[in-house]
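S.K.: Chain by chain, the residues run as shown.
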Amino acid sequence: MSNPITSELLLQRLQERFGEAILQHESPYDLLTVEVTPSSAHAIVKWLKEDNELALSFLTLLGAVHYPDQTGREMAVVYHLHSLVHNVRLRLKAFLPIEDPSIATITDIYVGANWQERETFDFYGVKFVGHPNLVRILNEDSMDYHPMRKEYQLEDATREDKDDRFFGR
Amino acid sequence: MSDIEQLKKQSLFSNDTINGEIATLNLGPTHPATHGIFQNVLKVDGEKILSSEQTVGYIHRAFEKLAERRPYNQITPITDRLNYCSSPINNLGWDMTVEKLIGAGVPKRVDYMRVIIMELARIADHLVCNSVIGVDTGALTGFTYMFQQREAIYELFEEVCGARLTTNIGRIGGFERDFSPVFHEKLKKFLKDFPKHFNEFDSLLSRNRIFMDRTIGGGPISGERALDYGFTGPNLRAAGVDYDVRVMNPYASYEDFDFIIPVGTQGDTYDRFQVRQEEIRQSLAIIHQAYNNLPEGDYYSKDIPEFYLPAKEDVYTKMEALIYHFKIVMGEIPVPVGEVYHSVEGGNGELGYYLISDGGRTPYRLQFRRPCFIYYQAYPEMITGQTISDAVLTLSSLNVIAGELDA
Chain W
5 MSNPITSELL
15 LQRLQERFGE
25 AILQHESPYD
35 LLTVEVTPSS
45 AHAIVKWLKE
55 DNELALSFLT
65 LLGAVHYPDQ
75 TGREMAVVYH
85 LHSLVHNVRL
95 RLKAFLPIED
105 PSIATITDIY
115 VGANWQERET
125 FDFYGVKFVG
135 HPNLVRILNE
145 DSMDYHPMRK
155 EYQLEDATRE
165 DKDDRFFGR
Chain G
35 MSDIEQLKKQ
45 SLFSNDTING
55 EIATLNLGPT
65 HPATHGIFQN
75 VLKVDGEKIL
85 SSEQTVGYIH
95 RAFEKLAERR
105 PYNQITPITD
115 RLNYCSSPIN
125 NLGWDMTVEK
135 LIGAGVPKRV
145 DYMRVIIMEL
155 ARIADHLVCN
165 SVIGVDTGAL
175 TGFTYMFQQR
185 EAIYELFEEV
195 CGARLTTNIG
205 RIGGFERDFS
215 PVFHEKLKKF
225 LKDFPKHFNE
235 FDSLLSRNRI
245 FMDRTIGGGP
255 ISGERALDYG
265 FTGPNLRAAG
275 VDYDVRVMNP
285 YASYEDFDFI
295 IPVGTQGDTY
305 DRFQVRQEEI
315 RQSLAIIHQA
325 YNNLPEGDYY
335 SKDIPEFYLP
345 AKEDVYTKME
355 ALIYHFKIVM
365 GEIPVPVGEV
375 YHSVEGGNGE
385 LGYYLISDGG
395 RTPYRLQFRR
405 PCFIYYQAYP
415 EMITGQTISD
425 AVLTLSSLNV
435 IAGELDA
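Residue numbers (our numbering), protein chains in the order written: chain W, 5 to 173; chain G, 35 to 441.
Since the hints were made in silico from the structure, they are not lab data.
Do not take every clue at face value.
What the hints assert, rightly or not - Restricting the straight-line Cα-Cα distance to at most 25 angstroms, the calculated cross-link-like pairs of lysine-lysine (DSS-like) are:
1. G:K346 to G:K220
2. G:K99 to W:K154
3. G:K336 to G:K134
4. G:K361 to G:K336
5. G:K134 to W:K131
6. G:K99 to G:K134
On a predicted model such as this, the values are computed, not experimentally measured, just so you know.
Construct the entire structure; sequences and hints are all you get.
M.R.: Take a look at the structure:
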């Protein structure tokens, strides 16, 4: 057994290996969160899985977050990775522009990413380039929008018979 | 190339076992053997499954979207409806996520009470799964025995929170009330009676020749493959990987308790059954430890009056309590800005909450890590080459819960 892997060491290794591609990092609630460039996300996830020392080889969660106010980087794709060997978790984020939210699929690295990417596509419209079957999964196929985006409020925003100020966001 | 030739090529069988009469069979969406709304379009040759195509989303209720319009206290009832076989784990997992966000600690007694409730829920969840495996092999008796025991557990939940299935148990910061004398009485009775009935159930199936023949080798998956698919919980442990959130990232003082994590070797239906059986025994041991060492103290945290709901009798009689109740439920309380991931060991595996707060009254984003959704995608791979009746058993032993699958 080599040295135990800590978040600090993990960050250091990532910066050594990918340098420019690591844009920002922070550790909210002790979970290392690293922002990476969208074009490098695939390579980083792949390297983290295959690197024997780090062994971040479990994909816990994949999803997206929509920030309509951040021009040019509205859509965040978030990966939660977990090393079951060292019990270290890592959150990777890649921000995409809303006009073309495309990022490489990681289904070739984790077969379990398949449905999670489909779900993210379904609800946020993120296009996972290279995904074998990128179609809607929970919503019906004929739907023509991506309902989890912030512009779709839960209630009809055009309703005028009701004052919504005191409820909701 | 014709469809038949294509399928022959992909098939696990040698060509001579294929008769060339390939039929399409709809297993689901509603089918008595699927125990939920799952559609599988099977391509079968006689009894053998050549391929399967899944459709999910029949009971999708947009929980993640709903959560973006609901204050924190109003989200707990949504979590009930994820894995409704073990709602208390979902409820308490959510409470702990919010506590993590606001940085609140809870008294030791609350932790132990939570452990007791969550392990009872795990027992109920596993009992349903395992007795249904029995039903699908044709053994209804064990199911009726175990549903009496599940009833006893539901009565315990009723004693704590008033509800049985969708419990909304506990509060952010603790519990709404301490365990009542009736609860103590019923829990003691349950702890005394349950092992006897459970062993009887175990003796009906565990070494039953027919049951073993039906389940051994059914729907297998290797440990590597299971990890690749993102399996967690009993299904992953049946494949031989000892990952359990309770041990890896202890929450609610799980580090205080002594228990073992059972693992299987083959990852087949029988191993999944046996892992759950052993987990029930371990859960029982944890409840004994937690109950016998239940610390004295408060049943809620006094440090966070801005989040913990006031007592119901005060709400009905005192103006201040009523105002606070309203403010808390309507989310008039400032919450910190932050991003938190918290996970608990649910009935089916790692149940995670990824919560982003922008300081508003509702979460900016809440994503549930639903173990069922993630591992159900392995189902076609697990049943290809199996018979239809084995596919039904594989589905019930995976314990796919429609509510958690579709969210």
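S.K.: Has the given pair, G:K361 with G:K336, been kept, meaning a C-alpha gap of at most 25 angstroms?
M.R.: 18 angstroms, holds
S.K.: Please work out if G:K99 and W:K154 have their alpha carbons no farther apart than 25 angstroms.
M.R.: 9 angstroms, holds
S.K.: Measure nothing beyond the straight line between the CA atoms of G:K346 and G:K220; if it is 25 angstroms or shorter, mark the hint as holding.
M.R.: 24 angstroms, holds
S.K.: Given the hinted pair G:K134 and W:K131, is their alpha-carbon gap at most 25 angstroms?
M.R.: 33 angstroms, violated
S.K.: For G:K99 and G:K134, compute the direct alpha-carbon distance and say whether it is at most 25 angstroms.
M.R.: Roughly 22 angstroms separates the two Cα atoms, so the pair holds.
S.K.: Do the alpha carbons of G:K336 and G:K134 lie within 25 angstroms of each other, as the hint requires?
M.R.: 16 angstroms, holds
Hint 5 from the earlier list is the only one contradicted by this structure; the remaining hints agree with it.
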